[in-house]
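Undergrad: Using the sequences and the hints, build the whole thing.
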Amino acid sequence: MKFSQFSVGQYVSFDKTFSLTDYEKFRDFSADSNPLHWNRDFALASGSAQLILPLGLATSPFSAIAGMAFPGVPSLIISSSYNAHSPVHYDRDITYSAKITHISAEKRILKLELKAYEKTVALISGEMVVQARFDEWEIPADLTAEFTLKQPNNLVLITGSDGAIGSACATQFEKAGWRRRLNSTSQR
27 MKFSQFSVGQ YVSFDKTFSL TDYEKFRDFS ADSNPLHWNR DFALASGSAQ LILPLGLATS
87 PFSAIAGMAF PGVPSLIISS SYNAHSPVHY DRDITYSAKI THISAEKRIL KLELKAYEKT
147 VALISGEMVV QARFDEWEIP ADLTAEFTLK QPNNLVLITG SDGAIGSACA TQFEKAGWRR
207 RLNSTSQR
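In this note's numbering, each residue's number is its place in the sequence shown (first place is 1) plus 26.
These are computed hints drawn from the structure, not numbers from a lab.
By construction, the Cβ of each residue, glycine as well, lies at the ideal position given by its N, Cα and C atoms.
Where hints are given, some of them may not hold.
Unchecked claim - Derived BS3-like pairs: lysine-lysine, alpha-carbon spacing no greater than 30 Å straight-line: (1) LYS42 - LYS176; (2) LYS201 - LYS176; (3) LYS51 - LYS201; (4) LYS28 - LYS137; (5) LYS133 - LYS51; (6) LYS201 - LYS145; (7) LYS176 - LYS125; (8) LYS125 - LYS137.
What the hints assert, rightly or not - What follows is a list of derived Cβ distance ranges for each label pair: (9) GLY186 - GLU50: 43 to 51 Å; (10) THR211 - ILE165: 41 to 49 Å; (11) SER30 - ASP117: 23 to 31 Å; (12) LEU208 - LEU175: 22 to 30 Å; (13) THR185 - GLU153: 27 to 35 Å.
TA: Written out as structure tokens, the structure is:
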């Protein structure tokens with residue numbers, strides 16, 4: 027693999043589901059034993075109808091994207107930041123995606139836009155800056171590629187993007203890596 031093979035707009039996406047067992051493993055090494063993550067009565071008394079996944083656990087798949095795809099094996103995460111928009115719950119299919127938004131070829135740095143969704147609900151957004159330690163590298167045979175790099179080449183115009191149906195369509199196209207042009211039909 028060569029660093030020069032990356033281009034702005036490339037993206038990866040995949041689904042992940044977290045269980046209470048995943049939290050228990052996370053708790054063992056993070057020491058985060060907040061009852062909001064494991065005690066249903068406490069969560070309910072706190073105003074949440076369901077248990078809430080810790081943000082550290084919910085964002086952990088982004089590390090896999092850096093380590094396995096962007097740039098992969100020679101990666102070094104320089105910085106990352108996340109914004110939580112809605113709670114992440116256990117036993118739900120979460121779609122994770124990362125898109126290259128900027129490349130510094132001389133420093134072998136990729137800037138990534140990160141997103142996590144449950145169906146059409148935005149859960150997490152963020153950025154990550156990742157550096158490849160080498161210009162060229164071999165991918166070890168024992169590492170399976172779970173991520174397929176995708177090229178953006180699709181553009182969709184969504185009219186009525188401020189309505190429920192248009193907004194849901196816009197979210198689905200964004201998750202699939204399409205470039206979108208949004209048109210609002212509301213009169214102001």
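Undergrad: Cβ-Cβ distance between THR185 and GLU153: within 27 to 35 Å?
TA: holds (30 Å)
Undergrad: Quick check on a hinted range of 41 to 49 Å for THR211 and ILE165, using CB atoms only.
TA: Hint holds: Cβ distance 47 Å, inside 41 to 49 Å.
Undergrad: Going straight from one Cα to the other, do LYS201 and LYS145 come out at no more than 30 Å?
TA: holds (9 Å)
Undergrad: Falls inside 43 to 51 Å, the C-beta gap from GLY186 to GLU50?
TA: holds (44 Å)
Undergrad: Is it true that the C-beta distance of SER30 to ASP117 lies inside 23 to 31 Å, as the hint says?
TA: violated (41 Å)
Undergrad: Could you grab the alpha-carbon distance between LYS176 and LYS125 and see if it respects the 30 Å cut-off?
TA: Distance ~9 Å between LYS176 and LYS125 Cα, so the pair holds.
Undergrad: Under the criterion that the straight-line Cα-Cα distance not exceed 30 Å, is the pair LYS201, LYS176 satisfied?
TA: Holds: LYS201 and LYS176 sit about 12 Å apart, inside 30 Å.
Undergrad: Hey, LYS125 versus LYS137, does the alpha-carbon distance stay inside 30 Å?
TA: The given pair, whose Cα atoms are some 8 Å apart, holds under the 30 Å limit.
Undergrad: Please verify whether LYS28 and LYS137 have alpha carbons no more than 30 Å apart.
TA: holds (17 Å)
Undergrad: Between LEU208 and LEU175, does the C-beta distance stay in 22 to 30 Å?
TA: At 26 Å between Cβs, range holds.
Undergrad: Would you check the hint for LYS42 and LYS176, treating anything up to 30 Å between C-alpha atoms as holding?
TA: holds (18 Å)
Undergrad: With a cut-off of 30 Å on the C-alpha distance, tell me whether LYS51 and LYS201 pass.
TA: Distance of about 29 Å is within 30 Å: holds.
Comparing the model with each earlier hint shows violations of hints 5, 11; every other hint is respected.
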